[in-house]
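Trainee: Each chain is listed here by its residues.
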Amino acid sequence: MTRLGAVVIGVALALALAAPFFLKPFGIYLLSMWAVLTIAAMGLNLTLGYAGQVSLAQGAFVGIGAYTVALLTQGGVPFALAFIAAGLLCFIVGWMLGYPALRVSHHYLAFVTLAFTTLVFLVLRNEQWLTGGIYGINGIMRPVLFGWSTGKALHFYFFSLGVLVVLALAIWWMLRSPWGRAFVALRENPIRAASVGLDTRRYTLMAFAVGSSLGGLSGALYAPLVQFIEPGSFAINMSFSLLLMVIVGGSGYFFGPFVGALVAVLLPEWMRIAEGYYLIVYAALVMVMMAFCPTGILGLVDRLAKAAMPNGRSAPAIGAERTAP
Amino acid sequence: MNPVLQVADLRKSFGGIAAVDGVSFQVDEGEILGIIGPNGSGKSTLFNCVLGQLTPSSGEVRVDGRRTTGMRPCDLNRLGVSRTFQLLQVFPQLSVRDNLILAGQEHQGSMVSRLFGRADAGLGEGADRMLDFFRLSHFAAQPAGSLSYGQQKLLDAAMAFMAGPRLVLLDEPAGGVNLTMLSHLRERLQAYHAERKATFVVIEHQMEFVMALCTRVLVLAEGRIIAEGAPAAVRRNPVVIEAYLGH
Chain Y
505 MTRLGAVVIG
515 VALALALAAP
525 FFLKPFGIYL
535 LSMWAVLTIA
545 AMGLNLTLGY
555 AGQVSLAQGA
565 FVGIGAYTVA
575 LLTQGGVPFA
585 LAFIAAGLLC
595 FIVGWMLGYP
605 ALRVSHHYLA
615 FVTLAFTTLV
625 FLVLRNEQWL
635 TGGIYGINGI
645 MRPVLFGWST
655 GKALHFYFFS
665 LGVLVVLALA
675 IWWMLRSPWG
685 RAFVALRENP
695 IRAASVGLDT
705 RRYTLMAFAV
715 GSSLGGLSGA
725 LYAPLVQFIE
735 PGSFAINMSF
745 SLLLMVIVGG
755 SGYFFGPFVG
765 ALVAVLLPEW
775 MRIAEGYYLI
785 VYAALVMVMM
795 AFCPTGILGL
805 VDRLAKAAMP
815 NGRSAPAIGA
825 ERTAP
Chain V
243 MNPVLQVADL
253 RKSFGGIAAV
263 DGVSFQVDEG
273 EILGIIGPNG
283 SGKSTLFNCV
293 LGQLTPSSGE
303 VRVDGRRTTG
313 MRPCDLNRLG
323 VSRTFQLLQV
333 FPQLSVRDNL
343 ILAGQEHQGS
353 MVSRLFGRAD
363 AGLGEGADRM
373 LDFFRLSHFA
383 AQPAGSLSYG
393 QQKLLDAAMA
403 FMAGPRLVLL
413 DEPAGGVNLT
423 MLSHLRERLQ
433 AYHAERKATF
443 VVIEHQMEFV
453 MALCTRVLVL
463 AEGRIIAEGA
473 PAAVRRNPVV
483 IEAYLGH
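Protein chains in written order, with this note's numbering: chain Y, 505 to 829; chain V, 243 to 489.
Think of the hints as simulated: they come from the structure by calculation, not from any bench. Here the structure is a predicted model, which is why all the values come from computation and not from measurement. For glycine and all other residues, C-beta sits at the position ideal for the given N, C-alpha and C. It is possible that some hints are incorrect.
Ranges between beta-carbon positions, derived for each pair [said to hold, decoys possible]:
#1 Y:Phe615 x V:Phe375: 42 to 50 Å
#2 Y:Leu808 x V:Gly359: 33 to 41 Å
#3 V:Glu367 x Y:Trp677: 18 to 26 Å
#4 Y:Ile695 x V:Phe375: 22 to 30 Å
#5 Y:Leu623 x V:Pro334: 30 to 38 Å
#6 Y:Arg776 x V:His380: 49 to 57 Å
#7 Y:Arg705 x V:Glu367: 41 to 49 Å
#8 V:Gln432 x Y:Arg680: 36 to 44 Å
#9 V:Asn420 x Y:Leu521: 54 to 62 Å
#10 V:Leu321 x Y:Ile596: 29 to 37 Å
#11 V:Arg438 x Y:Arg507: 39 to 47 Å
#12 Y:Gly509 x V:Lys439: 42 to 50 Å
Derived coverage of chain Y by chain V (criterion: at least 3 residues anywhere in the stretch with Cβ under 8 Å from a Cβ of chain V; other residues may be distant) [to be verified]:
#13 683-691
#14 699-706
Looking at chain V on its own, in the form it has when it is part of the complex (with noise of 0.2 Å):
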């Protein structure tokens, strides 16, 4: 098995608080890594890092065995890393179909031949599939910002996978969803990583989903790691249980 993301000894402070305090992991190929935490324990800001949106105090990201530390987004998402967002990221005023298009647009040659090249950069099949995949043919033509909560929160996850990425971070994917929503959003994501063998990093409080979904989960509270392994042993650890309760 070979590493996809690896992370060593991660900090980020803000002023005096460290909101990631060395934290090290790795996510092998194919894994659906868990990461759940209560509130504020840095899960989000540990993601910024790994994704290039801030820049980590100290501490080392590597993509495929790459040195990402400190990278733009853009240039690590064109290298195969791709996310979704906590709270709704969709473009409201393009099409459910065009912010397919855009998701995957910017893989396909440079920004020259795009400019002389087809209208959909060839991927309005691609588009429709994935469509078809997370069944949002219906609204293709609609725009984004029309769809309800849970609809954008899918349209989300399309986007993410719309350029075959090989490494997926999903940032509390199920958060304000409903049931129906969230049992299909599940098991597009399963099928989906089924399909592509791509590898998932979820963050994620809704417990059951965290249990369906993940391979392997990681506790976070106050910046470290406190509790790692599989889900329903993570669960029982009264370590963990503390870390929820405790305050």
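In isolation and in its complexed conformation, chain Y is listed as follows (with noise of 0.2 Å):
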């Protein structure tokens, strides 16, 4: 990392933390929802930007990571517990869900991926005895930690700002090691991946699972801060829009899925000015964005920052690691 980058990460950082004491209690839940999302934007960004395996079922991952948390802190399981056990079953299942990726890529596996967020959407709407069907589950208490209790916006903030932290320090390291390598190869030519002994299979898999985890961290979080949850939060709107905050961040950028997903949480209520046609605004800026800037906010920085070094070295712009698709 460059010198430059540790500057702007550290001011970022001092933003994050500084920020809320600035806000009203509904930008402090918006801020939270962004640290919250951001988790699993990341794990969408592990699996399609850096694997390059496209994945329509994040929001899925989101909504089983929630109904977990909910049903076993209801139940009367520590949250500590529920946390690491919405995080195991999302593995589980992101590896099964992997399958398929091994015999289909691009579009076909997003329908495949598409078609399982409509199941578990099904589940979570049919099996009322277990989830509530569309009434939802109420009443969801936010954690208490060591005898700290992050019932308090701003608390809870501080509590997802801190899971994010400790979880984005997390996927740094295994990116730094062979295995980020090994993503983007499986990305870039999994034919030659094989030829030097990559096992693609066991990579493809391990790329779904530990993405599809962080989708289950992030609905851990989720359901303690909206404190209440239904099915239709985690139908297809919801892996789309987790899907545009990685392209919008810019895919394949370790801090893609940051700016993503506050451009995704904050924008829309900044439009508000706009009054009704909020969303219609919003939708036609990311419209003008993808066309003239289809590797994201961060792809132009990168390629700002590269345009302004005439030698064409690598550019010191933060998280423009290389490994822009």
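From these two lone chains plus the hints, build me the complex, please.
Mentor: This is how it looks when you write it as structure tokens:
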């Protein structure tokens, strides 16, 4: 990492820590939503951005994680255990969802994962005895950790931010290890990768499993954040909006999901000055952005930084690490 | 001399057409075997069957006496069989150095130990030596996709050697490479061969390259071996001339 990159990350972290003190509860709620959804988007960025496996199922994993935590904590299981269970369950289900990816790829894989999302939605809606059906689950408590209650908006935000930082460090470690190189190789040229001894089957399944477990952990925070969950929240809309975060932020850039989630969570709220038209304006902005900058915001930053360095050496843009697709 | 590679009565058909039609040969340790033949004679199909990219319709492949027919390419590679590709096959977004580390990392430890081990899997020095050997050090930090065609061919070859293989199959290493780069590549291959006593099998059209590099040559036409022998003798063989010019 370059010096400039470290400075930018430091400033961003300081902003994230200071911001809630200048915001009303709804603003803090939005920031928490950003932290929670960034975790899920980070998982999708691993599966899609790094390993190149298209998935429209990330929203479903957020749902599985959210329901796991809601049901377990209401059954008396401590939050910490429920949180780990959500991650583990999604790891296993994600591993199994990876099997179709061994046979199909690109838009065919998109359809397989789309079907999975619908399946999860139907289970959440129809298995009323377990999930409460369309009535969802009410009154999900925010956790108390070592005697520290996260009940207040501000406290829950710091808790979510802490989890995000820890998970981001773990993923950073994984991507800088030989696994990161292997995931990129899988995306760029699976046949060549196999010819240098890379077990493409195992890495594909692992990319799905780890990405999905991040979706589950995100859901495990989503449930106590919103305190009321119902199947509709985890239908295809959420998967699409997570995909949007990854693409808008910059797929394959480590900090892409952070930026993408910020845009996807905050921009619609700022657009409210356009009143009834705010979602239309937002949609139009996304279309313009995709037309002129398909590599996302960090892709644009990367390009501008490279243009500013005439000798064509690798640019010091944050998170613009080697892996842009 | 131990045979490193044994191919026995290998056949591969696509629909009704036999691309490889009963090919048998063996390659001894330290040999550089050239396989030549007109376009469509089944050379690449033969390679892909040996390397597990295609499953042969019948026949058998053995590496160091061990049956490897139908084995997955990644498992075969970890047994010490590596390859280069006819068309460019590097990882364009990874740096040149990362391409080399990737080509060796799956031979180090287990998947779990790689996750918790060093970022370069302990291969940094080895990669630097290989860069030096192929005179690519200057480009180490650049994305592999930014290299020229000839340099990418060199990198492709360097990647094949990264894990210290016993047997290397080179698929048209000279294709599309200019003459200066070509003599550099040949000289590097010979130096590696002398240093490591590795065994090579080379598919090539460029006759000068084959004559200078190979110790023995097989000629393939329509899926069958039609001639075999020392490079100079094969070149004068009327059957071979007929196969190349006859149509």
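Trainee: Look at each hint and say if it fits the structure.
Mentor: Hint check results:
| no. | hint | verdict |
| --- | --- | --- |
| 1 | Y:Phe615 x V:Phe375: 42 to 50 Å | holds (47 Å) |
| 2 | Y:Leu808 x V:Gly359: 33 to 41 Å | holds (36 Å) |
| 3 | V:Glu367 x Y:Trp677: 18 to 26 Å | holds (22 Å) |
| 4 | Y:Ile695 x V:Phe375: 22 to 30 Å | holds (26 Å) |
| 5 | Y:Leu623 x V:Pro334: 30 to 38 Å | holds (37 Å) |
| 6 | Y:Arg776 x V:His380: 49 to 57 Å | holds (55 Å) |
| 7 | Y:Arg705 x V:Glu367: 41 to 49 Å | violated (30 Å) |
| 8 | V:Gln432 x Y:Arg680: 36 to 44 Å | holds (37 Å) |
| 9 | V:Asn420 x Y:Leu521: 54 to 62 Å | holds (57 Å) |
| 10 | V:Leu321 x Y:Ile596: 29 to 37 Å | holds (32 Å) |
| 11 | V:Arg438 x Y:Arg507: 39 to 47 Å | holds (42 Å) |
| 12 | Y:Gly509 x V:Lys439: 42 to 50 Å | holds (46 Å) |
| 13 | 683-691 | holds (count 5) |
| 14 | 699-706 | holds (count 7) |
When the structure is compared with the earlier hints, a violation turns up for hint 7 alone.
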